[in-house]
Amino acid sequence: MRSIRTVAAIATVAALGLLLAACGSSSSSSSSSSGSSSSSSGSISTSGYQSPETQSLTGGKKGGVLQVLDETDFEHIDPGIAYYSLDYEVVFATQRPLYSNKPNTASEATPDMAAGPPEVSSDNKTVTVHLREGIKFSPPVNREVTSEDVAYAIERGANPNVANPYIHAYFESVEGMPKADGGPIKGITTPDKHTIVFKLTEPKGGLVAASLVLPLTAAVPKEYAEKYDKHKPSDYGNYQVATGPYMFKNDSSGKVLDVGYFPGKSATLVRNPNWNASTDIRPAYLNEIQIKIGGTNSVIGKQVLEGTNIVENEPPAQSNIRLAAEKYKGQLEISPGAGSHYIGVDNAHGPFKNENLRKAFFAALDRTAMDKARGGKLVTDVMTHFIYPTIPGFEQSGGLAGPKFDFNEHPEGDKAVAEKYIKLAGYPSGKYTGGETITIVGAKGNPAEQDAEIVNQTLKNLGFTTKFTLVETATMYAKYCNVPKEEIDVCPSVGWIADFGDPQTVLNITFNGKFINATGNVNWSQANNPQLNKEMTEAESVTGQSARATAWAKIDEHVVEKALTIPFDWDKQGNIEGSQVQGVGDLWDVGEWDYSWTSLK
Amino acid sequence: MSIGGTEALPASESGSALDFLDLGGEIAARSPLQLFWRRLRQDRVALVSGIIIVALIVIAVAAPLIIKILGLPGPNVQNLNLTDEFGSPLGPTGSHPFGVDQLGHDVMSRVIYGTRVSLEVGIIGTVLSTLIGVVVGLVAGYYRGWVDTVISRMVDVVLSIPLLLLGIGIGAACAVKGCLGGAIQPGLSVIIFLIVFATWPYMARIVRGLVLSLREREFVEASRALGASNTRIMVREILPNLTAPIIVFASLQIPSNILIEAALSFLGVGIRPPTASWGQMIASATPIFNTAWWYMVFPGAALLITVLAFNLLGDGLRDALNPRGAR
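So the protein lines, in turn, are chains A and B.
End of the first sequence = 601 in this note's numbering, gap-free, step of one.
End of the second sequence = 327 in this note's numbering, gap-free, step of one.
Honestly, the hints are just simulated from the structure, not real lab data.
For clarity, every value in this text was computed on a predicted model and none was experimentally measured.
Please note: incorrect hints may appear among the correct ones.
[Claimed, not checked] Below, computed lysine to aspartate or glutamate pairings styled on EDC-like, alpha-carbon distance capped at 20 Å:
1) A:Lys136 - A:Glu75
2) A:Lys327 - B:Asp84
3) A:Lys329 - B:Glu85
4) B:Lys177 - A:Glu472
5) A:Lys377 - B:Glu85
6) A:Lys460 - A:Asp366
7) B:Lys177 - A:Glu436
8) B:Lys177 - A:Glu486
9) A:Lys329 - B:Asp84
Just chain A, same shape as in the assembly (with noise of 0.2 Å):
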């Protein structure tokens, strides 16, 4: 998503194809949105500034034009594809998906076009959603939404010329879904008009209906839309409409494009007409919504901090966020659980095949001195473990400690135990004398630069001989970190961001050697333990928010106790904005604004 963007696109493309057990329940009415989250809400600091998970939702005043500034444009607005967070922003203000987060919580979905929870049948093959009545889509449909619409909705997201990046990764067990190609899935029934059935092929219903939050669930009018999915790529971004508070604002046949969003230039959302509040949890505030795309980012964000109606919704220039900090406190928001940033560790070739030269590496690593690089502790926290702060399963892991091993147990670094592992790998000296260079792929532009810089000075501590390069982000996933046969020693910053609030979803496609894939690879470390890859699958299958929790975060320890990769950085993103701006981010989606939330003073 969003920071990460490449990653996870590039990790959902990995993903097709393959299945993500599910987790099930036992009870024929158990929700994904059980259970208390495990978020370490409490233990990150964000005192003296906003933080999504303490802002107040309600007492908003009504009306009002917010100005949104961003330095770049979405990549889909049709929410059968979006899978990035600034798309986020306005695909949630438009389309209302089956269940959704509310804005301070990352992990407890809430019912939004569904009635009520899923129910998830006792076999964990069967998941049931009972719509709400009244929703109505925006001009030029204007009729009410039936569950036919979330069929379509899914059904065209397997459709090639939508190709939705997530829909294998999540659907993969619903019934017909391998080989569906946009037309009817057998797996996915409608009963009734406002019923909507998933039968699965394997027991996971509850991994299935925790990823209903997703935007693929937003209904889509199968007769308004079936002829612009028929292009390829699909244009009913450029047509589409909305269940949603706001729409893109179109002409009488529903065209956006030019009207409403001009690629690269500009967007307005304005209220659906059709949309009745009390069907929905949104308070909806604001009148409109303008949105002005390009620039450069620390100019926009001065801007935003010396105005009024306005805010920025992509991560500000580091210089921003210390000019907020200092100057403009109260308009600064500081939201963790924005995803973690690690080093990919080649495990399956070179050097660090080696677990004792890995733990030497983490040990030498001053992780401390890597986060300051990034902004500091206003918006990192120093990574001990991988389920992050927000995700259900980070307190069990440890919290912000995390697990205690001698080589993560002092962030700034430890010599005299990188020495003891040195010594351990078979390197009497304490330094590394087993000739082989060690290949550093890094990418360029601040902080990623600056975290490769002291990743590289580190190996070279430890008496390692390193090449070293820097290439373009999209380079470095796509063409090095992300293929195996390139045989990468060491990716210095990769990042990761869960997409929704379950634990497998930030451990499974990263560490288990299931997934790992020729190209497209996010299994960075090429992970393949065969204890851990069997603790994972069994994991899979584990019912129960906390449960999976407790089984997931037992993973992470096993994890990071083998050194599959090293850990630095769990986020906290930075979000600005005016002055008469009272702004609500959304803890699930990097702390970026909310509009359908967000009202002006």
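Given the structure of chain A, go ahead and fit chain B onto it with the hints provided.
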């Protein structure tokens, strides 16, 4: 045989052809070198530039010693304690006169070491491209005919290749594993290769044009009539007459090459970090310029001073070697 000496002799120092009539005493003959030096000495701007360049060369050669004397850390020593709580680098202080960068590298130390890269690229690149350009231009201009045609078309082709795009392409294609089995690896050698590849045609064109003119002169015909070989004529008769333009052009090529290196490093396809390079430092400083001006200003100033010094010295050399040329 050479006409260089007489060609370079001015009618008089003051520029008036009749001045010598007023001289009452003995007329002292001066060599072309003496005349050149006499004129250069009078050009104070060129002299100061020359002194700066000598100083830069000393700095480049003695960088480790200078840093030791100044008590600065090495150019690659990271110290994140020298950044503030937001990770912003701290500004100039007594112990870090040019401040530090985002990793706590001492900027002065890196500027000093960056001199090495700039001068290496500027001087080595220029020497190599000059050698190639002179040889190729000499051959093309002297032999004319199909040799000239082939070489001239080759020059046209090379000149049509955009250097920066070529550099970016090589940087991208050969970034990690290198190209041609690892023979081409982005770094100093590739930058020098690129500069030589892209700049020799300019020298070749200039030399060719001059040779086309010189080869028709009487002294060449006389040499040929005396049975001199083509090689001898080119090397002993024509080449000495090209010295002045070659020196002038080469001296102006050095700053241009330094700027090319800075541009390539700025674009991230030049010198690999952590090796200090001014262009790379300026690129890293760009996003934080509003909070860490020193990180851009000092390497930028070093680049400016170096390029200016070479340019002004080049101008001075041109004037001293060719006093009849308009200033």
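Now for the hints, and whether the structure bears them out:
Restraint check for Lys136 (chain A) and Glu75 (chain A): not satisfied, since their Cα atoms lie roughly 26 Å apart, outside the 20 Å limit. Taken as a hint, the Lys327 (chain A) and Asp84 (chain B) pair is honoured in the structure, with Cα atoms around 16 Å apart against an allowance of 20 Å. Proximity of Lys329 (chain A) to Glu85 (chain B) is assessed by CA-CA distance (about 15 Å); at most 20 Å being required, the pair is judged to hold. At most 20 Å may separate the alpha-carbon atoms for a hinted pair to count; Lys177 (chain B) and Glu472 (chain A) meet this at roughly 15 Å.
Taken as a hint, the Lys377 (chain A) and Glu85 (chain B) pair is honoured in the structure, with Cα atoms around 7 Å apart against an allowance of 20 Å. Our distance criterion of 20 Å between C-alpha atoms is met by Lys460 (chain A) and Asp366 (chain A), whose separation comes to about 13 Å. Of the supplied pair hints, the one linking Lys177 (chain B) and Glu436 (chain A) holds, its CA atoms being roughly 15 Å apart against a limit of 20 Å. Between Lys177 (chain B) and Glu486 (chain A) the CA atoms are separated by roughly 9 Å; this keeps the pair inside 20 Å, and the hint holds.
In summary, the hint linking Lys329 (chain A) to Asp84 (chain B) is supported, as the alpha carbons are separated by about 17 Å, within the 20 Å threshold.
Comparing the model with each numbered hint stated earlier shows that hint 1 is the single one that does not hold.
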